[in-house]
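Heads up: the sequence lines are chains P and Y, in that order. Numbered as in the UniProt record's numbering, the first sequence ends at 200 without a single skipped number. Numbered as in the UniProt record's numbering, the second sequence ends at 200 without a single skipped number.
Think of the hints as simulated: they come from the structure by calculation, not from any bench. These numbers were taken from a predicted model, which means no experiment stands behind them.
Note: identical chains are not told apart, hence a pair may lie in one copy or across any two.
20 Å max Cα-Cα, derived EDC-like pairs, lysine to aspartate or glutamate:
hint, residue 1, residue 2
1, 36, 8
2, 36, 117
3, 139, 80
4, 36, 69
5, 139, 168
6, 139, 160
7, 37, 117
8, 36, 88
9, 18, 117
10, 36, 128
11, 37, 122
12, 55, 69
There are 2 protein chains.
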Amino acid sequence: MAASAGPEIERLISLLAKLPGLGPRSARRAALALLKKREQLLVPLAASLAETAAKVTSCSVCGAPDTRDPCSICSNSARDNTLICVVEEAGALWAMERSGAFRGKYHVLGGLLSALDGVGPDALRVAELVGRVRGGEAKEVVLALPATVDGQTTAHYIAERLAGTGVEITSLARGVPVGGELDWLDDGTIIQAMRQRRPT
Amino acid sequence: MAASAGPEIERLISLLAKLPGLGPRSARRAALALLKKREQLLVPLAASLAETAAKVTSCSVCGAPDTRDPCSICSNSARDNTLICVVEEAGALWAMERSGAFRGKYHVLGGLLSALDGVGPDALRVAELVGRVRGGEAKEVVLALPATVDGQTTAHYIAERLAGTGVEITSLARGVPVGGELDWLDDGTIIQAMRQRRPT
Chain P
1 MAASAGPEIE RLISLLAKLP GLGPRSARRA ALALLKKREQ LLVPLAASLA
51 ETAAKVTSCS VCGAPDTRDP CSICSNSARD NTLICVVEEA GALWAMERSG
101 AFRGKYHVLG GLLSALDGVG PDALRVAELV GRVRGGEAKE VVLALPATVD
151 GQTTAHYIAE RLAGTGVEIT SLARGVPVGG ELDWLDDGTI IQAMRQRRPT
Chain Y
1 MAASAGPEIE RLISLLAKLP GLGPRSARRA ALALLKKREQ LLVPLAASLA
51 ETAAKVTSCS VCGAPDTRDP CSICSNSARD NTLICVVEEA GALWAMERSG
101 AFRGKYHVLG GLLSALDGVG PDALRVAELV GRVRGGEAKE VVLALPATVD
151 GQTTAHYIAE RLAGTGVEIT SLARGVPVGG ELDWLDDGTI IQAMRQRRPT
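One chain only, chain P, in its complex shape (with noise of 0.2 Å):
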């Protein structure tokens, strides 16, 4: 970063630079706008990041960020009860709630175990889950995990973990994405479509 800039800006820059999706060049690009917009954009966002900080906790019991603790799905009565969907990340919780398609608890595990990345168990909240299926009213755990390695490694550590608690266990159906054509899916897609093939 050029001196000029001032060490603010260049303070800035490196934060910025920090963020996935954007580099040191986009990181410069992304400050030049914040400077150039300042009422409509530095200013709010820096009021949003510092109420983000000052008022978003953990939910203690799925984990969750939120504003509330327990958060607003933990503490819904609506919600299924007995049912509980296990996700690494918030983001995976938001994608699901967009969808619509669950109505019941989740819990975030806040990553999933890597050999590479040194995360092991303890670095995950699986006993805060293992806890809550033995305390509650759990019947079914939904394990919505990426197909990856480390995703199918994790899945598989839990199911081990929850073995003797009685619980169904069960993951999220593997198959051709809705829109998706078969010229451009992966092979493991296109077999795992095959194998858990359904009568229409």
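We have chain P; now place chain Y onto it with these hints.
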């Protein structure tokens, strides 16, 4: 966005999505990263944006963002007052400073003339440039504007406005970028590089 994330997070995501380089999906990822790295990223970024909003202004001479007015370049007496480099935005000024190729002063236009986007001369800091040239010691104005239709239209317009002031008007050389392979260059650049060829 899921209503479950709370209005604070929704607002943060919609503001992040306005940054260049981030769309709705990557803004969600960025918000998630901010929530995960509360102390390392969320809190410092909030503070940095607030500090930038409070301290950084536009230099009243050249238009560059800085905490000082006149900015650190305009108030630097070691820099050549007889040279003014005209750039579109502060990003170009920073790039020029990083290169160390220029030791004069700058003038930030704040954009380019654009019939399509409805940007006329009054939206740019052209009158200020003419005033600086008439009232100052400038002997040469270097137009460091992009080699696009809008950039060249703006360059022609500025050259017209400065006609009669006696100042010399120059432009950055066009040619093959350092490390650039001819294979990957557009025809326009190759044509310019050939026309402006020089003895080695």
